[in-house]
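*Asks:* Make the full structure from the sequences, and use the hints.
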Amino acid sequence: MDNLPATLVFQILSRLDDSADVARCRAAWKTFDTVAPDLPCINLQYPLKRYIELRSRDSDSSSSSSLPSPLKTIILHLISNSRSLESVHIGAENLPLDVSHADVEDYGDDMYLTDGAFVKEWLPRVSGTLKSLSISDFWVHSGWRRSEVLPLVSTCCHNLLELELKHAWLSVENMNPMPMLTSLTLEFIRLEDKNLTELNKSFPNLQVLNLIDVRGLKLPTIHLLHLKTCQWTITDAQSCLILITPNLTTLSLECRKVVALYIEAPLLSDLHLAIDHLGAVSIKTFENLKSLSLKSSYICSLIKNFPHLKTIENLTLNSGDLGVGAVDDSKFTLKKMLTYFPTVTSLCFKTSAWLSFEVLYESFDRVCLDGRLGLTTFRGYLLRVDPALTFSLVACVLDQCKNLVDVSLLIHRDHAAAHVSRRFMDWCVARWPRLNWRWGAWEEGTEDTWITNGIPNAQIN
Numbered sequence: 001m002d003n004l005p006a007t008l009v010f011q012i013l014s015r016l017d018d019s020a021d022v023a024r025c026r027a028a029w030k031t032f033d034t035v036a037p038d039l040p041c042i043n044l045q046y047p048l049k050r051y052i053e054l055r056s057r058d059s060d061s062s063s064s065s066s067l068p069s070p071l072k073t074i075i076l077h078l079i080s081n082s083r084s085l086e087s088v089h090i091g092a093e094n095l096p097l098d099v100s101h102a103d104v105e106d107y108g109d110d111m112y113l114t115d116g117a118f119v120k121e122w123l124p125r126v127s128g129t130l131k132s133l134s135i136s137d138f139w140v141h142s143g144w145r146r147s148e149v150l151p152l153v154s155t156c157c158h159n160l161l162e163l164e165l166k167h168a169w170l171s172v173e174n175m176n177p178m179p180m181l182t183s184l185t186l187e188f189i190r191l192e193d194k195n196l197t198e199l200n201k202s203f204p205n206l207q208v209l210n211l212i213d214v215r216g217l218k219l220p221t222i223h224l225l226h227l228k229t230c231q232w233t234i235t236d237a238q239s240c241l242i243l244i245t246p247n248l249t250t251l252s253l254e255c256r257k258v259v260a261l262y263i264e265a266p267l268l269s270d271l272h273l274a275i276d277h278l279g280a281v282s283i284k285t286f287e288n289l290k291s292l293s294l295k296s297s298y299i300c301s302l303i304k305n306f307p308h309l310k311t312i313e314n315l316t317l318n319s320g321d322l323g324v325g326a327v328d329d330s331k332f333t334l335k336k337m338l339t340y341f342p343t344v345t346s347l348c349f350k351t352s353a354w355l356s357f358e359v360l361y362e363s364f365d366r367v368c369l370d371g372r373l374g375l376t377t378f379r380g381y382l383l384r385v386d387p388a389l390t391f392s393l394v395a396c397v398l399d400q401c402k403n404l405v406d407v408s409l410l411i412h413r414d415h416a417a418a419h420v421s422r423r424f425m426d427w428c429v430a431r432w433p434r435l436n437w438r439w440g441a442w443e444e445g446t447e448d449t450w451i452t453n454g455i456p457n458a459q460i461n
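According to the numbering used here, the residues represented by the sequence shown are 1 to 461, in order.
Worth double-checking, as some hints may not be accurate.
[To be verified] Have a look at the derived ranges for each label pair, beta carbon to beta carbon:
no.: 1; residue 1: Asp414; residue 2: Glu53; range: 29 to 39 Å
no.: 2; residue 1: Pro177; residue 2: Arg256; range: 25 to 35 Å
no.: 3; residue 1: His158; residue 2: Thr311; range: 33 to 43 Å
no.: 4; residue 1: Ile52; residue 2: Val405; range: 47 to 57 Å
no.: 5; residue 1: Glu443; residue 2: Asp386; range: 33 to 43 Å
no.: 6; residue 1: Gly279; residue 2: Asn174; range: 31 to 41 Å
no.: 7; residue 1: Asn174; residue 2: Leu338; range: 47 to 57 Å
no.: 8; residue 1: Thr155; residue 2: Glu444; range: 39 to 49 Å
[To be verified] Simulated crosslink set (BS3-like; lysine-lysine; CA at most 27 Å straight-line):
no.: 9; residue 1: Lys336; residue 2: Lys290
no.: 10; residue 1: Lys304; residue 2: Lys284
no.: 11; residue 1: Lys194; residue 2: Lys218
no.: 12; residue 1: Lys218; residue 2: Lys120
no.: 13; residue 1: Lys228; residue 2: Lys218
no.: 14; residue 1: Lys218; residue 2: Lys257
no.: 15; residue 1: Lys290; residue 2: Lys335
no.: 16; residue 1: Lys120; residue 2: Lys131
If you're looking for bench data, these hints aren't it; they were derived computationally from the structure. For each residue, glycine too, the CB sits at the ideal point set by N, CA and C.
*Replies:* Here's what the structure looks like:
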């Protein structure tokens, strides 16, 4: 391996996503060690098990020599041995949110990656060439200490295009504008910017913004003139959310409860909205909205807050967790859908929406719509298959669609026997032979699996 050309070695190392793998190659072959400093990227994600090993060092000093080096030391070594870095992605594995921190709590700071003193040691060295920066901190160390990493980045990194910060408590004092930054992701963050005033001022040219579980907001306003894509996931209730984004085309907004919502996004074409309780809504007309995804236990109440949307072509419905009283409020019939969304050509019923469909079947709209549903595509996610009931529900939709072409039905892997699913499939194909049928299996947290020749026992038991 030491006789390989340097250009080939560089290509090999460039294909390795993990800097730990690069380090192993450097230790094994001299040529790899010579070429590695020219790599433009560092990507190091520190496993939780190594942190636990480090904590046990004092209790087993005899084996300390075999333990890994402290994380900050490793990062500083990697950066100091790099010549021209364009991307630095460093992170520490966190405990799952539902697991107690009692066994790993301490007052150390070696895993505190957004520590201002630590960042000052390495960031100025690479700031001139840096284009992408991602730091995922260790919440046990960072959650109770305010970090100055944002002001430091804004001072040093004038050419930065992408910034991602996770699991940290962030200060925004003494921020400098970063006009070059086009993509910002903040995830599981305690942010000292209640109204997002500093964010709007410091990152005026953002095109992509992801705010995922950002705490500390009171009256947040996103006012970004160049923003095109926004994902905003809020875990606590909010009194008011405001978005003024004249160039926004894609918005995903998830929040448990919002008292007031104002959206000014005339170019919006794709909207995903997951809100259970929504109060007053003020929206400038969505003249370009083509795709709409709604998730709520109160779908009808949610839709009534919006003006009639006559440009929607793709509609996805998910009724969320059906609580007490939610069924009556979420009675979303095909007739109502035709009233609210007369231009829909593609309809998707997610699992909870389909379950609502089943619960309400006795009072569901049996009134013939004379084929007035303009659907050409239909997709349904089925939790279970009762051949007679499920077939009737499918017929309730398909018989109203004269122009229907493609139908996709996905059955949960663990809730349908293979022979029952096959019988249901045979009935559907026999009843509507002209349609293009596509069958699949789904499971929460995994990608959909498409099936071409029956249903394999390995996928649906």
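*Asks:* Compare the structure with each hint and give your call.
*Replies:* Results for each hint:
| no. | hint | in the structure |
| --- | --- | --- |
| 1 | Asp414 - Glu53: 29 to 39 Å | 37 Å, holds |
| 2 | Pro177 - Arg256: 25 to 35 Å | 33 Å, holds |
| 3 | His158 - Thr311: 33 to 43 Å | 41 Å, holds |
| 4 | Ile52 - Val405: 47 to 57 Å | 55 Å, holds |
| 5 | Glu443 - Asp386: 33 to 43 Å | 19 Å, violated |
| 6 | Gly279 - Asn174: 31 to 41 Å | 36 Å, holds |
| 7 | Asn174 - Leu338: 47 to 57 Å | 56 Å, holds |
| 8 | Thr155 - Glu444: 39 to 49 Å | 44 Å, holds |
| 9 | Lys336 - Lys290 | 19 Å, holds |
| 10 | Lys304 - Lys284 | 15 Å, holds |
| 11 | Lys194 - Lys218 | 5 Å, holds |
| 12 | Lys218 - Lys120 | 31 Å, violated |
| 13 | Lys228 - Lys218 | 24 Å, holds |
| 14 | Lys218 - Lys257 | 13 Å, holds |
| 15 | Lys290 - Lys335 | 20 Å, holds |
| 16 | Lys120 - Lys131 | 17 Å, holds |
The structure is inconsistent with the numbered hints 5 and 12, although it conforms to all the rest.
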